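As a plain string of letters, each chain reads:
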Amino acid sequence: MSRLNDISLATQVAVFHNKRAFDQLVREYQSPVRRFFLTQTLGDEMLSDDLAQDTFVKAYTHIGQYRGTSSFLTWLTRIAYNVWYDHVRSRRPTEDVERLPEQSSSSSASLSMDLRKALATLKEDERTCITLQQIDGYDIKEIARITQMKEGTVKSHLSRGKEKLANYLRQNGYDR
Amino acid sequence: MTVADNGFSDRVMERIPRRSTRRLSRLWTIFCVAVAGALFVVFDGCNVVAQGLVMMLKTRPTQHGLLMLTLAVGVVWLLAFIEVTTRVAHRERLRLV
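Going down the list, the protein sequences come from chains C and A.
Take the first sequence: its letter number 57 is residue 57 in this note's numbering, and every next letter is one higher.
Offset between the second sequence (1-based) and this note's numbering: plus 176.
In case anyone wonders, no lab produced these hints; they're calculated from the structure.
Careful, some of the hints might be misleading.
As the list claims (entries may be wrong) - Not everything, but these chain C residues come out facing chain A in the computed CB check (under 8 Å): (1) Asn-18; (2) Phe-22; (3) Ser-31; (4) Tyr-60; (5) Arg-67; (6) Met-113; (7) Lys-117; (8) Ala-120.
What the hints assert, rightly or not - Pairwise CB distance ranges, derived in the manner of DEER restraints: (9) Gly-221(A) to Tyr-85(C): 36 to 42 Å; (10) Ala-180(A) to Lys-19(C): 43 to 49 Å; (11) Thr-11(C) to Leu-215(A): 22 to 28 Å.
Computed from a predicted structure; not experimentally measured.
Cβ atoms here follow ideal geometry from the backbone N, Cα and C, with glycine treated the same way.
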């Protein structure tokens with residue numbers, strides 16, 4: 001969807017509270033938003049969907065703040081990041097990131113499981129930066145805009161995160 | 177990797193808050209327009225506007241510059257007023273939702 005079309009739909013939602021226009025935006029962007037949460041929650045589908053719903057509800061109530069200076073997806077991802085950040089802060093200390101959702105251990109799923117385990121070794125900020133860059137394809141500037149971090153901080157998170165991932169995978173037999 | 181919708185969008189649309197203030201806002205707008213229209217009729221607004229226009233046309237061209245400037249300032253002020261009130265109303269709506 002073009003940025004112009006996104007702006008047009010967002011304006012219809014903001015000015016006329018056009019729910020059909022918002023429905024179009026939800027259908028267009030549900031996949032990247034849910035994928036973002038799936039990687040952050042390390043595959044917890046129920047939690048991901050709950051957080052993704054919160055993100056879209058927040059986007060609806062604050063759509064007047066979308067100015068069109070960035071793409072709608074970037075704006076949405078920023079809300080998603082804030083929702084995730086709030087969730088992490090409110091999470092009880094007993095619920096640790098190390099707790100991975102149960103997955104089938106078939107051989108076809110083993111690589112993705114290993115990647116999830118590798119991602120679980122990262123700190124929240126490192127994982128967010130890594131997934132935004134490697135999975136969602138954002139550049140450093142956009143990641144800084146989404147997470148409200150300085151570009152230098154994003155770079156160091158990326159560098160440390162990649163190093164940790166490489167070490168973990170190397171130790172688990174994924175050596176080049 | 178694309179995540180299949182599987183009814184997710186419908187669930188989101190069900191959770192979207194209903195804007196109960198929307199109808200109230202419309203009623204308020206209609207009320208304000210009605211009051212403005214009534215005042216315009218009561219105080220013979222047409223006559224006032226016509227007299228103003230005649231005055232403007234009759235005055236010397238040197239005075240037109242000042243008049244135009246006043247008019248321009250008035251228009252800018254009106255636009256700024258509309259923008260500010262729209263933003264305030266929008267924020268108020270968000271607070272109420």
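Outcome of the hint check:
no., hint, in the structure
1, Asn-18, "violated, 11 Å"
2, Phe-22, "holds, 7 Å"
3, Ser-31, "holds, 4 Å"
4, Tyr-60, "holds, 5 Å"
5, Arg-67, "violated, 13 Å"
6, Met-113, "violated, 15 Å"
7, Lys-117, "violated, 18 Å"
8, Ala-120, "violated, 19 Å"
9, Gly-221(A) to Tyr-85(C): 36 to 42 Å, "violated, 55 Å"
10, Ala-180(A) to Lys-19(C): 43 to 49 Å, "violated, 22 Å"
11, Thr-11(C) to Leu-215(A): 22 to 28 Å, "violated, 33 Å"
Hint compliance for this structure: hints 1, 5, 6, 7, 8, 9, 10 and 11 are broken, all remaining hints hold.
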